[in-house]
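Participant: Chains as they are written, first to last, in the UniProt record's numbering: chain R, 1 to 286; chain Y, 1 to 286; chain A, 1 to 286; chain W, 1 to 286.
Just so you know, the hints here were simulated from the structure itself, not pulled from any lab data.
All values derive from a computational prediction rather than experimental measurement.
Take these hints with a grain of salt, some might be off.
Identical copies go unnamed one by one, so any copy, or any two together, can satisfy a pair.
As the list claims (entries may be wrong) - EDC-like mimics (lysine to aspartate or glutamate), calculated; alpha carbons at most 20 Å apart, straight line:
(1) 89 x 167
(2) 281 x 238
(3) 22 x 55
(4) 17 x 38
(5) 98 x 128
(6) 22 x 38
(7) 209 x 230
4 protein chains.
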Amino acid sequence: MGKMSSATLILSCEDRKGLVAKISQFLFQRDANIIDLDEHVDKNAKMFFIRIEWELNGQANLTDDFMNEFKKLADGINANWDIKLSEDKKRLAVFVSKYDHCLLEILWRYRNKELHADIPLIISNHPDLEPLAKQYDIPYYCFPITKENKREQEKKELELLREHNIDTIILARYMQILTPDFISEYPNNIINIHHSFLPAFIGADPYKKAYERGVKLIGATSHYVTEELDEGPIIEQDVIRISHKDSLKDLIRKGRDLERLVLARAVDLHVNNRVLQHGKKTIIFE
Amino acid sequence: MGKMSSATLILSCEDRKGLVAKISQFLFQRDANIIDLDEHVDKNAKMFFIRIEWELNGQANLTDDFMNEFKKLADGINANWDIKLSEDKKRLAVFVSKYDHCLLEILWRYRNKELHADIPLIISNHPDLEPLAKQYDIPYYCFPITKENKREQEKKELELLREHNIDTIILARYMQILTPDFISEYPNNIINIHHSFLPAFIGADPYKKAYERGVKLIGATSHYVTEELDEGPIIEQDVIRISHKDSLKDLIRKGRDLERLVLARAVDLHVNNRVLQHGKKTIIFE
Amino acid sequence: MGKMSSATLILSCEDRKGLVAKISQFLFQRDANIIDLDEHVDKNAKMFFIRIEWELNGQANLTDDFMNEFKKLADGINANWDIKLSEDKKRLAVFVSKYDHCLLEILWRYRNKELHADIPLIISNHPDLEPLAKQYDIPYYCFPITKENKREQEKKELELLREHNIDTIILARYMQILTPDFISEYPNNIINIHHSFLPAFIGADPYKKAYERGVKLIGATSHYVTEELDEGPIIEQDVIRISHKDSLKDLIRKGRDLERLVLARAVDLHVNNRVLQHGKKTIIFE
Amino acid sequence: MGKMSSATLILSCEDRKGLVAKISQFLFQRDANIIDLDEHVDKNAKMFFIRIEWELNGQANLTDDFMNEFKKLADGINANWDIKLSEDKKRLAVFVSKYDHCLLEILWRYRNKELHADIPLIISNHPDLEPLAKQYDIPYYCFPITKENKREQEKKELELLREHNIDTIILARYMQILTPDFISEYPNNIINIHHSFLPAFIGADPYKKAYERGVKLIGATSHYVTEELDEGPIIEQDVIRISHKDSLKDLIRKGRDLERLVLARAVDLHVNNRVLQHGKKTIIFE
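Okay, chain R solo, but in the shape it has when bound (with noise of 0.2 Å):
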C-alpha cells in the first residue's frame, strides 16, 4: 500500500467541466505520481466527486505553500475537501455498553496494525468491559446515564473527547441515544453499527422483530449518525441467511458476527479517508 510516503484528496463539489484535469494538473506540476484515482459523478445531483493518492516527492510534500495553493484551487470551484498524508492517523473514541464483540474486533485489528488509527480512548455507560480495555492498554471512562444526567456526562465526555483531540467516534453497540447537542459537535464523525438491514426494522429489537416477520435473511447496517434515529447515511451494509431453525436466539449469534464485520469494514473505509457524504448517501472510494 505504501502508506508511508503517500497524501490523500477527498474533495466533493458541483459538477462542472476540466475539474479531473485541473486537480490532476496541480498535482502534475509539483512532480507529484498519481497512484490512485476514483471519481464520480453524480448527474441527477449534478455532484463531483473524487480521491486521489499521489507518492510525496519534493514539490508535492504538503508544505503550506501547496496547501494554501490548492486552497485557491479549492475555492475556485467552492469543493469541501481534505487532504492529509497517507500515515497520518484519525484519532478514534470506542463507545460501548455490556456487548464486548463490537469492541474486541476494533480492538483485535487495532493491535494488529490493521485498523490504520489510534485509538486514545473508550467511553461507556457501564463498567462491564473494562477488563478488555485493559488487557490492550486503553484507558477506559465510564459515565453512567439516567435520563437526569445525560446532558452533564456528555458535556464530560465532549470535554475528555476534546482532550484526546478525537476526531472521530465509533458506537460498538452504545446502547444510549446521543443528544442532537452531542452530535452537532461531531457532524460527519459519528459511526454507529446497527443490527438490522436498514431501513428494515429501524429502533428497538431489531432481531426479535425479524423473528417475527419470518424473513429468510438478517442484516446489519454501519452508518453516520444524524438526529433522525437510524437515518443517516450508510456506510456498510451486509445479510445473512437464516431460516425457520433460527430461534431469536440463533440471530442473535448469527448477528453478532455480522454486525462486527459490517463496523469493521465501515470504520476501515471512514480512517482511510474513503467515504465522502453527500445528503443521505455516501460515496465509497474502494
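Got chain R; can you put chains Y, A and W on it based on the hints?
Facilitator: For chains Y, A and W alone, coordinates are given in the frame of chain R:
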C-alpha cells in the same frame, strides 16, 4: 429424484410426544421406504411440522384405504396435512402485466421440465406479453382492469381458474392489487414477488426508495399474498450489492435478475410441497 | 447512462508520472466533460490502466483530427488503447452446442436492449438450438465437428465471422475445444463460461468432480480463451451454496443459474469496454 | 436450545426400509420427546444418515440399560453411531503457530460460552501466542519442530492429549504437516482450516497463487485431516469477492476474516454432533 414412484406428506399440528414415531410407524407398517424426512418443532409456538417422502410400493400406494386410515391418524392429532404423489403436478396460473422477465424465467423452466408443474393459462391486465405466451403455446387471457370493473373482471378470472382446476396463482410482477374476496378464494396459494428486501420498502416504487435512501444492497422477496399488502409469509428472499455508481436504472436492471431467481426458487419450493405456513412465517423443507 | 453522446477510452501502458494529467488535459483542451474516470496502477507489474468516459461536444467528437492527435499521445507513452463511441456496438457471434440456458439468457438481454451489442449470427456444431435462434430472428449456422473436419469447419466459420464483421465470440456452453489457429484470429476477444470455480475442476465434468469431492459451494467462471485450456484471464466468477442433499443432477440444475448470470455479466463488461487484460489477469472497471 | 436436558444421536448405516420407524419407535417407547430429527439417504452410496435430538425424561435418560439396548438395535443394522448428552462437551486442543486470528476467534467464542466445548490446552511449535493463551487462562505448551525431532515431539504431544482426555484437535493455522501416525490417533477428529477454496490452490501459499491467477473470489475451507494433504472431507467453505485493486497483502488481510469464521462454524458443527463423515464427504445436520 425418483419423482415417478414416491409420495410426499406435509403436516403441521400442535406439538406432542411420539409424533415422528406414530407417523413413521404408519408408513413402515405399509412397507414404505422413507427416502427423505425433515421435521421441525417450534418451541415458542408449540407446533410440530414435518415433511416425509417415501417410495411407493404395494401397500404404501395412495389407495382409498391408505388415505382413509391416514386421515384417522391425522384427525387424532388435529393436523393440517396434504399427501400427494410426487408425479402429480400443481396447476399454476401466471398473472402478469407488462414486465416479461419473471414470466420468461418461469416459462423457460417450465419448458425445460425443471419446474414440476402445469401452466394451463396466463392472465394479464395488458395485451403486451401475449406473443411470449404464444411462443410457449400457453393460452393468454387479457382482462383490462379499471377501478370500476375490477370486481367484475376478477369474477371472470376466477371462473376461468376454476375451469382449469388451478390451485396456485403466481403474480409475476402483476401490477394490480387483488381484492380480499379474490384472495380468499386461494388461501395460502397466491405467490407474489416484491422487488425489495421486505419489510424494507413496502408498497410502490421500492427501487426509487432504495436509491434515495442510499442502501448498499437491494433485495427481492417472494411471499404468499394475504389481505395486508406485502405482509404475507415470506418464502424466499435474496440481495445483491450495489454502489453509489448505480443509477436508479441500474438498480432496476440488477433487480430484475434477483426478482427472476427469487420468484423461481419460491415457486419451485411451493410446487414440490416444501413449504408449510404458520402465522406470518414459513417452514421451508429444503 | 447517457450512452448516446459519449465516448470511452481504455488504455494501458507502463506506469510513469503525469499520465492522468496528460490524458485529462488532452480531453479538457478539447472541451470534453469527463463523466467517469477509473484508474489503476499495478505496482508489482509497474503498469498503468485507465478507463475514461466523456460527453461528446464539439471538439471532443471523434474526428480524424482527434483520433490522430490522440494516437500521437498514445504512441508517446507506448500504450495499448481503444476509443469508441458509446453508441457503437460490438458485434458478437454466439457459439453453442445443445444446452440452451446461456444462449437464452443472452438473447433475452439482447432483445430487451439490456445487452449493448449486435448479434448477427449464432454458430453451432448441432442443429438443436435452431428453433430458439428463429424465435429471435437470428441466423443460425450449423457446422458439425469431427476430429477429421475440425480445421476445415473452423475455416468456414472464420469466413462467416469475417463476412459479418464479428469482433467478439461468446462460447455459450460450446462443447468443442477451439484450435490455436482459430483462437489466434480473435486474440483477447473470445469469452468462455466454465462451469466451475476456476482453477478448481479444470477440464471436463466439473460438476461430477465437485460432487465427488464433496464441496459446499459450486461456482462458474467466465474467462477469455487462450491456448491453454481454462487458463485465460478471468472476467467474472461466482458461487452458490450446495449441501449433501444435492444430487449431481441438482448441482447441474443449480449451476445453470450461475452459468447464465456469470456469463451475462462478463459479456456486459466486455461490450461496454470495461475490461483490460494484462498477462493472466483482468482489470475490471465497474 | 434447551441443551441442558436433551441427548443427541448421530448414526449412519447401509440404507434399508424402516430405519426411521425403528429408531423413533425405540425412543417413543422410552417416553422421549423428539425435538429435532434430520435424516438423509444417499441413494448413490445406498447409505442412511440420521441425527435425532430428544428431551431427557425418565426412561429416556442415558442409563446403562438404555445404552445397551440401543447398542443391540445399532448392531442389528450394522451402524456407526454416537449418543451424547447435550450438556456433555467435547474436549478440544487447539494447535497454532504464529498467526493469532483463528485462535483469538475460538477463544472469544469459548469465553462467551458460544462454543459448546472445553479447551484444556493449546499446543504450538512457536512461543509467540503464549501471551494470548494467558489472557484466557489456558495452558500453552510449546513443542518446536524440526525435521529430526518431529516424531519425538508428536509423541510428547500425544501423551499430553491423552492426559487431558482430548477428543478433537483444531489446527488453527498450525503450519506443520502432521505425520500419518499422529493422524491415525485421532481419526475423523482433526479439523484444519485451509486458506483457499479447495480443491483450488492445494498446498502452500494459496493467496499468492490466487493473486497470480487473477481470481475474482478468494475462499477458505475447513476440513477433516486425512493422510492426503488438503483432501479430507470438507465441513464448511466460504468465499469473498476481491478485485484487481487488491494486492497480495489485501488478499491475506481479507482472507483472515474468512478463515476465522469458516473455522469457527466448522468447529461449532463438530462439537454439536452435527457432522457425519462418509468417504470424502460430510453430511451436515444444520
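Participant: May I ask which of the numbered hints given earlier this structure violates, with the numbers listed in increasing order?
Facilitator: none
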